[in-house]
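What follows is each chain in one-letter form.
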Amino acid sequence: MNKFLLLMLLLALAALTIACVPEKPVKDGHGELAVVIDREFTSPVTHSPLDWWQTRHFQAVNNGDIKEKDCLYCHKVERSCNNCHGYVGVRKIVP
Amino acid sequence: MTDAAMIWNLLAALIIGLGYLAAFVFVGGLLLRIALYIKTPVPLKIVQTPGPKSAPGVLARIAGDVLIFPNLFQADKLLWLGAWIFHACLFLILVRHTRYFLYPVPELVIDWQTISVYAGFFFPIPALYLFWRRLASSRVLYISGLPDYITLILLTAIASTGMLVHYFARVYLVDVKAFTLGLVTFAPVPPPQHPIFIAHFLLVCALLIWFPFSKLMHAGGIFFSPTRNQIDNVLYPRYVNKWNEEVRVD
Chain A
39 MNKFLLLMLL
49 LALAALTIAC
59 VPEKPVKDGH
69 GELAVVIDRE
79 FTSPVTHSPL
89 DWWQTRHFQA
99 VNNGDIKEKD
109 CLYCHKVERS
119 CNNCHGYVGV
129 RKIVP
Chain B
63 MTDAAMIWNL
73 LAALIIGLGY
83 LAAFVFVGGL
93 LLRIALYIKT
103 PVPLKIVQTP
113 GPKSAPGVLA
123 RIAGDVLIFP
133 NLFQADKLLW
143 LGAWIFHACL
153 FLILVRHTRY
163 FLYPVPELVI
173 DWQTISVYAG
183 FFFPIPALYL
193 FWRRLASSRV
203 LYISGLPDYI
213 TLILLTAIAS
223 TGMLVHYFAR
233 VYLVDVKAFT
243 LGLVTFAPVP
253 PPQHPIFIAH
263 FLLVCALLIW
273 FPFSKLMHAG
283 GIFFSPTRNQ
293 IDNVLYPRYV
303 NKWNEEVRVD
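So the protein sequences, as listed, match chains A and B.
Take my numbering: the final residue in the first sequence is number 133, and no numbers are missing along the way.
Take my numbering: the final residue in the second sequence is number 312, and no numbers are missing along the way.
The hints are simulated quantities; they were obtained by calculation from the structure and are not laboratory data.
Each hint should be verified, as a subset may be incorrect.
[To be verified] The calculated EDC-like cross-link candidates involving lysine to aspartate or glutamate, where the alpha carbons are at most 16 angstroms apart (straight line), are:
no.: 1; chain 1: A; residue 1: K130; chain 2: B; residue 2: E169
no.: 2; chain 1: A; residue 1: K130; chain 2: B; residue 2: D173
no.: 3; chain 1: A; residue 1: K65; chain 2: A; residue 2: D76
no.: 4; chain 1: A; residue 1: K114; chain 2: A; residue 2: E70
These figures come from a predicted structure and were not determined experimentally.
Kindly produce the complete structure, drawing on both the sequences and the hints.
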């Protein structure tokens, strides 16, 4: 009986975690973490190629090539920085 | 579907399957080994003196063994240093990796970003030292077997592929996280198409399968050494061997 209860508890816990996991943050994607950038802004040259930028954008910021607050001209911190940083566990950007 | 896409789908399924197989072998093997440890008879008090006189004392002794390896310190200072740094790095790296399996990611794990990256960088040094030691001293070389090398080679290979995907051939973490979260929630998605990441993942699978059947089990066994986990109370109360046959005395 105890074992049965324990199993049920574990299953419930598993179901709960599965329900809590959001979709990955993608530009114009679905779900609560979707990356949203105002339509008026077009992708700057620094962002090309995009897959390079996605994995290396921190270099531009940490080297001081571009200041963090210049990114925020187009990016809203909650919708297109920290939603993604929260997903992968990187320190949050403070505006 | 093009041929390339078809082959990739097959590969992805294989990788995911291997991930689950590794997790299953690891958890099952771990439980089996620990059950074995628990069931092994301990017929005698063989506590190593000076032994703790109480249960909290035993807890303190084992915590000490786990955290600072005092016996090794007395035996071999250099090995102690190498081993301690090795384990400390391993611990930091493991904690940091929980960010791939948890959502939301705990604050502590986010705060440890910088220090665990250093740990990752540093890790190969004590690993190489432990490897070198096995070859350099004829006594240690003599008692080293293939399994000892396999463990060290696996760990070093995992660390180096890990550093590669972090620094030089960076993998897109968003895709990595989607992959790992997919695995732990039983809704798998294909891994990122990044050969070094896939190598890193498969090496970890190999380590997980290797773990329960190797000396890596010292991670569990350390809690079950009778010389270390017994209370030093031979004189009082009377020690009754649970494994003795029942004897009729009437």
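Do the hints match the structure? See the list:
1. The straight-line distance between the Cα atoms of K130 of chain A and E169 of chain B is roughly 10 angstroms, inside the 16 angstroms bound, and the hint therefore holds.
2. As the CA atoms of K130 of chain A and D173 of chain B are separated by approximately 10 angstroms, the hinted pair is consistent with the 16 angstroms bound.
3. Distance hint between K65 of chain A and D76 of chain A is fulfilled; the C-alpha atoms sit about 11 angstroms from each other, no more than 16 angstroms.
4. Straight-line distance between C-alpha atoms of K114 of chain A and E70 of chain A comes to about 15 angstroms, which keeps the hinted pair within the 16 angstroms bound.
Figure legend: structure checked against the earlier numbered hints; every hint is met.
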